[in-house]
Amino acid sequence: MRSIQFIANLPAPWRVAAIAFAGALLISALLLAAGFSPLQALFVLIEQSLGNGNGLSEVVVRSVPLTLAGLGIAVAFRARVFNVGADGQIIFGAIGFVGFSLALPGLSGWVLLPLSMVAAIVGGGLWGGIAGVLRARYNANEIIVTIMLTYVAFQALGWAIRGPLQESAQIFPRSDAVPDGVLLGTMIEGTRLHWGLAIALLAVAATYVALRYTSFGFRLDAVGENPLAARFSGIRDRTMIALSLTISGGLAGLAGAVEIAGVHGRLQDAFAEGTGITAIAVALLARLNPLFIPLTALMFAVLSVGASGLQRQLGIPFPLVHIVEAIVILAFVIAGALQNADRGVRDA
Amino acid sequence: MSRILTLATALLMGLMLAAGASAKTLKVALVLPGPITDGTFNSAAHKGIKAAEKKYDIKVSIRENTKFAEIESVMRNYAKDGYDVIIGHGFQFGEPAKKLHKQFPKTWFVVNTSFVAAAPNLASFDNRWGDAGYVAGAVAALVSKKGIIGHIGGIPVPVIKAYNEGFKRGAQRMKPGIKVLSAYVGSFSDVAKAKEITRSMIERGADVVTATGNESVLGTLQAAKEAKVMAIGTAFDSAAFAPDTIVTTALVKMDVNIDMAIGLIVKGKLKPKNYVLGFNENGLGLAPFRKFESKLSAADKAKIRQLIADIKAGKIKDLP
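Chains as they are written, first to last, in my numbering: chain A, 55 to 402; chain B, 1006 to 1325.
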């Protein structure tokens, strides 16, 4: 405990360096203990993600859902509402997208794609909205509610792909392929880079404008800074809190839809595993600024793509790869949280 | 001793370097749906790749626990990394391989337990799982005392369905009227659920159980071990896991498939077609009875031997 206090009392740049150093030390020790060279691992991690065209395109592909979910988390965090359940909202977005597009396969893609995207936003928004209403109306702790709702969502996905949405062949736990019309085509032939990137960038611009230049953004910040003061100045703080989680969920839902339409083409287990949790680190590290979110999303995408290369190239077993990834994310979250603590974010 | 080993290794590496100039080391990726320790499907593949590694000049990368959602990106990454052979171990790898193989004409794609071969560079290997089930069913019927036996499948993919059907028919052949239960877990990896289903089958009176899948098979073997009920393993000989309850294993020698695929590629003779391996091609087998050797009567053992001989000779007409 004392050492944490010590780190927290350091000046900001030193603090980040200390955390990074501790993280690096821990990872190196783990890799050495398992008989791998940390330097070689670092080299492979960078080479696999940034060293070739395929790695780069995979990095961008991975950054798309991270950006969208990260934007959602930032919106809620601006109102000091902690959405840690983006994974559940991603799932309900994907279920909405796939369910809707499979129900109306006759429509042309130009109509069906936008409608299905809206279905995804509604799906994710509803899932976030439940937590929002519970927080606003009954003051239920949104951290606990969103975590719990994520477990419900995992089970709902498992049921959907083994029940109502299971493929017609009835073999695998997955849905039928969505109609070709709703697939987001690839931007560069031979890669998996898809037009979801454009959607993500549009969402970045829209969120930035909404937060920076509209009264909505102002009210959100006001509620976040001081809900009571906001209420006395005529802002309906509870509505804003419920709304922030709904929008947050809607953006996560969009992330789910883009992941299905751009990468998987159908609903299946673990289609966006861990995206919602990583997106928290993405949003915190970007200091909740929408314009920085794509950049921090790229950073974490590099980590994720590079880490899977560790397994392929060096044979480092997956549990260890996941631990390494987790240590890095944790280090960033701590750094991000301490940064935000400086700005007076309330204790979670 | 170790110094001699080091010296020998160094010499060997020197030789390999010298040889490397002429023959190119083949880069082989084995993409598995589960862990190499599942005691069945993935263990069998692992055994095969290890054998091939000793035999041929290859460099192997193994990817375990590949989820459905990851298959395409994993295979694509290996292809982009310049791997010469990518082996997808399981039916679910067929579709992504079909999607990818034309984009990477220099790579051989090999898919096990499926029928997806396509020119110019996609070959598939299948074993006659139905025959394996048939023999397992026959053995189960002969050792069962209560006349109730059961199969717990992972996900009803074609090979598992074939095994299920063969298990029923083989049992009926040995003991007409025997009760054969069957159920699917809905997952290859859910050990707990497989265990629960097996337990409920045992409660319904089954005294011999068998299972197909990945780790899910461990659930069945565990439940049988705990309830002291006989079990028949599949694919990979895992008798050591529960020597007192595992009667034998219906071997599905995917190690032979893998060895064969790599061997053919090394010789430049692999064709983009569906290879099917049965007892005659050494693609199937029956593990030794070990502790159960004395518990089976000589007549029963003779029946099983005869059955396998008949299958080889094509005399059994109701194989699935």
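No lab work stands behind these hints: they were computed from the structure. Hints should not be assumed to be uniformly reliable.
Examples of chain A residues toward chain B, derived with CB under 8 angstroms [to be verified]:
id : residue
1  : R69
2  : F226
3  : S269
4  : A324
5  : Q365
Beta carbons are placed, not taken as given, at the ideal position from N, Cα and C, and that holds for glycine.
Among the hints numbered above, which are violated by the structure, and what are their numbers in rising order? 1, 3
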